[in-house]
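S.K.: Chain by chain, the residues:
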Amino acid sequence: MQIVQQIIFVIALAVAIYIFAKNVGKIRRNILLGKDDDRTDNKPERWKTMLKVAFGQTKMVARPIPAILHFFVYTGFILINIEVLEIMIDGIFGTHRFFAGLGPIYNMAIGFFEILAVLVLVGCVLFLTRRFISRIPRFHKPEMKGWPTKDATIILIVEIVLMAALLKMNACDQILQARGADHYAQAGSFPVSQYLVPIFDGFSDGSLIAMERIFWWFHIIGILVFLNYLPYSKHFHIILAFPNTFYSNLKPKGTIDNNAAITNEVKTMMMMPDADPNAPPPESFGAKDITDLSWKNIMDAYTCTECGRCTSECPANQTGKLLSPRKIMMDVRDRAEEVGKRLDHGIEEPDNKNLLDYLSTEELWACQTCNACTEACPVNIDPLDIIVQMRQFLVMEQAQAPSELNMMFTNIENNGAPWQFPASDRDKWTTEI
Amino acid sequence: MSEPIHIPTVAELNGKGQPVEVLFWVGCAGSFDERAQKITKAMAKILHHLDVNFAILGKEESCTGDPAKRAGNEFLFQMQAMNNIAIMNGYGITKIITTCPHCFNTLKNEYPSLGGNYDVVHHTTYLQGLINDGKLTFGKGDYKGKKITYHDSCYIGRANGIYDAPRDVLKKLDAELVELKRCRAKGMCCGAGGAQIFKEAEKGEKEVNVDRAEEALETKADVIAANCPFCMTMLRDGVKHFNKEDEVEVLDLAELVANANDL
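Protein chains in written order, with my numbering: chain X, 1 to 433; chain F, 1 to 263.
Heads up, some of the hints might be wrong.
Residues on chain F that point at chain X, a partial pick, calculated with CB under 10 Å [claimed, not checked]:
#1 Cys28
#2 Gly58
#3 Lys59
#4 Cys63
#5 Phe77
#6 Phe104
#7 Ser113
#8 Leu114
#9 Asn117
#10 Cys154
#11 Ala195
#12 Lys244
#13 Glu247
For lysine to aspartate or glutamate, the following DMTMM-like pairs were computed, each having C-alpha atoms within a straight-line distance of at most 25 Å [to be verified]:
#14 Lys181(F) to Asp222(F)
#15 Lys203(F) to Glu432(X)
#16 Lys38(F) to Glu432(X)
#17 Lys38(F) to Glu205(F)
Computed list of chain F residues with no C-beta within reach of chain X, every gap over 12 Å [what the hints assert, rightly or not]:
#18 Ile7
#19 His48
#20 Tyr118
#21 Arg167
#22 Phe242
If you're looking for bench data, these hints aren't it; they were derived computationally from the structure. None of these values were measured; they are calculated from a predicted model. Ideal Cβ placement from N, Cα and C applies to all residues, glycine included.
Chain F with its partners taken away, still in its complex shape:
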């Protein structure tokens, strides 16, 4: 186990008069959900490992308002957005990295018209950039010979047209990348989007996440790679539904990269 890492807050660095290059927007799932915290930690370790000048908002961070907006509560969304914007603009934030596609989409596409203009990057694209720049290398061949399949999250895929970045990252793992039947622009939702994760599904024949997990299991992959904490929950539940949780792992890209770097 490596030394404990200190994750600074923007307020803390600000107090010391130190500039913050990158804000790591953790998001609610990344902050509170036990499984998603592992993604957060993996990403923080990568940033720390690369000596990136980053900080989090800590207790000053609040929900972007995305689930409220998708569920029709535009009022609550805009209140959340304006509060967050006031805080970020107050600190002069210019660049944001986030591991949540929903936070990413909202910060990037819906905050500007409310006065929040930042360079927002999702960690898939960020990791791809690090690899392209030669800053991130893969020493450990942990995944050599393993089969990995990739689940396109709706908010990175269709919503923002990012399909190649996550695949480029995965290709570096020296594993065999197998595509799901419904992939890229035709990727099937995990069942969490549009605030569905917070409620029971409507009456139907099947749960969306079970349908998607079934498709992923059909690939016989050892690892299902995800890039979204909500997809993570849904896919893990889906895999459990088929009692395959001991054979098939669901891992976020950040975790895969951190593992491959022994972080």
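Next up, chain X with everything else stripped away, as it sits in the complex:
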């Protein structure tokens, strides 16, 4: 019987890892549909940013309550993984609490994990409360209707159920340990699950072993299923938060990179000596689809966990405009998924769709480029960079700027100022001082 369990476990584990790796591979491929952007400079600063922002969660603290709750779930997730490692070893080798030999350290660790499990549970319950009872506005913006809200609910409920299974498993285990049941050697301390003992104490050894096994299997299969849910979910941020912050923009936020292809065009036009007249002209200006964006823009989209801090800080959104930086990120991800699905099916030809089928020019033109969104994002996502690239497409490829902006462009071209003042008046103020 034991060996059958071991075989089933190994197969389940292998299948789960295989499918997960395959789906992560697809996301990687989708991210690399974006254009090159060298983000490998200044490695020490990059490591520091990742440690601070992703590992240290420094940008979460701007909002203390969710920061604390998220910290519970986050540390719970990272540390309980150590116990998951033991569960895997037990599963493969048919052992019972493989690390028990560590003695008091082990007991302390298991006790600590139980406390963490409760904190995760509490965190998730409060997160659900905030979302559905306090109805915090950023969770109920239009872009959150349907799947995004369902996704959030699934994540929180699965985490609650998994933690509950872990605690119930420990409750059964400790009763079996106390009764001296075969295979259940004394190990671990159970500061939380001891309170669940009365629920299970009345059962026979046989029923308890069955229940312990059921909870054990439920917990680990739950984790493997959840692992495979990640690539389909906003919850993928638990993985991408780290590379995404590593590849953060390290320049001052105000910098919008100069488009190098355009630089050569301008230099050629101005007949500057360092222009390269033989360089091929750029295929297109700005971004109309994900393939025009950089890989980092697409990674940003896959990293977004739709918390909506960007949107709630956005001045346009706060004053009732259509723009929501979070929606920009969700649209980019949805479009990348759509393009990726076609590639999965081996379809190479384009589908005549682009990002503008997902988001409107009204959204793009409402942006103040104020960087409130990039400042607010706990994992350094940059919606502004995408907005500017799409504006470039609208202006330079489609000549679709709002008419007042076209007027502004004309004024700059003719008078060297965005307004219609004669350039000769530029220093008029000096005569009045």
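Using the hints, position chain F against chain X.
M.R.: Okay, now just chain F, sitting in the frame of chain X:
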């Protein structure tokens, strides 16, 4: 009224063979906008008062291209930038002071990769430096007992991380500095950025500048301090929206400093 001040151009000093230490980049708003000209004049008076060797480009100055770039016209931006760089490099400019955060950001962050490398300083930081060096003192207690609130412009604040310099300057005025609810890194935009000032806002429930002015008025401050000519326009319009223009003044840091020095 003091004697009229002569503001030299770089070309003029160059013609006389005189070196120019600092280029005062006036910017389009500072040059043409009637209200912003007052900021320009205040800053020029401060520089003159301190005997700084400065000059302007005058008619040779042209838009940095910032609004074009933010609106998506990268082509026009780079043309403007390269023309300006050619002129400044031709004169051997090394240091620039500007009263416009947008010019500051573009000159400092976006000109270098196009060949324009200068030490660019926004006047908030410059004024703070002058105070720290003991060059600028505040004789007149014009603002004593008054309440001043400070509006962080996006392009000095978040875009370039300058939060303390303007506050340090304001603290010297002997006034009570009250913070806005959304300040520093969480400072709310005035509504002008990203070329918005040149167009009608998209459909919404409220204008951004009205929202921000409302917040500023809630502080009951006598003065709203700004550091950007565009914020100035937006906040003034916002204050007017609430008919408070007679009670609450919107002033630039340069103006506050000039007033406190009787310039």
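S.K.: Please go over all the hints and tell whether each is borne out by the structure.
M.R.: Each hint tested on the structure:
no.: 1; hint: Cys28; in the structure: 4 Å, holds
no.: 2; hint: Gly58; in the structure: 4 Å, holds
no.: 3; hint: Lys59; in the structure: 5 Å, holds
no.: 4; hint: Cys63; in the structure: 5 Å, holds
no.: 5; hint: Phe77; in the structure: 8 Å, holds
no.: 6; hint: Phe104; in the structure: 9 Å, holds
no.: 7; hint: Ser113; in the structure: 5 Å, holds
no.: 8; hint: Leu114; in the structure: 6 Å, holds
no.: 9; hint: Asn117; in the structure: 14 Å, violated
no.: 10; hint: Cys154; in the structure: 4 Å, holds
no.: 11; hint: Ala195; in the structure: 6 Å, holds
no.: 12; hint: Lys244; in the structure: 20 Å, violated
no.: 13; hint: Glu247; in the structure: 24 Å, violated
no.: 14; hint: Lys181(F) to Asp222(F); in the structure: 16 Å, holds
no.: 15; hint: Lys203(F) to Glu432(X); in the structure: 40 Å, violated
no.: 16; hint: Lys38(F) to Glu432(X); in the structure: 10 Å, holds
no.: 17; hint: Lys38(F) to Glu205(F); in the structure: 33 Å, violated
no.: 18; hint: Ile7; in the structure: 4 Å, violated
no.: 19; hint: His48; in the structure: 9 Å, violated
no.: 20; hint: Tyr118; in the structure: 15 Å, holds
no.: 21; hint: Arg167; in the structure: 18 Å, holds
no.: 22; hint: Phe242; in the structure: 16 Å, holds
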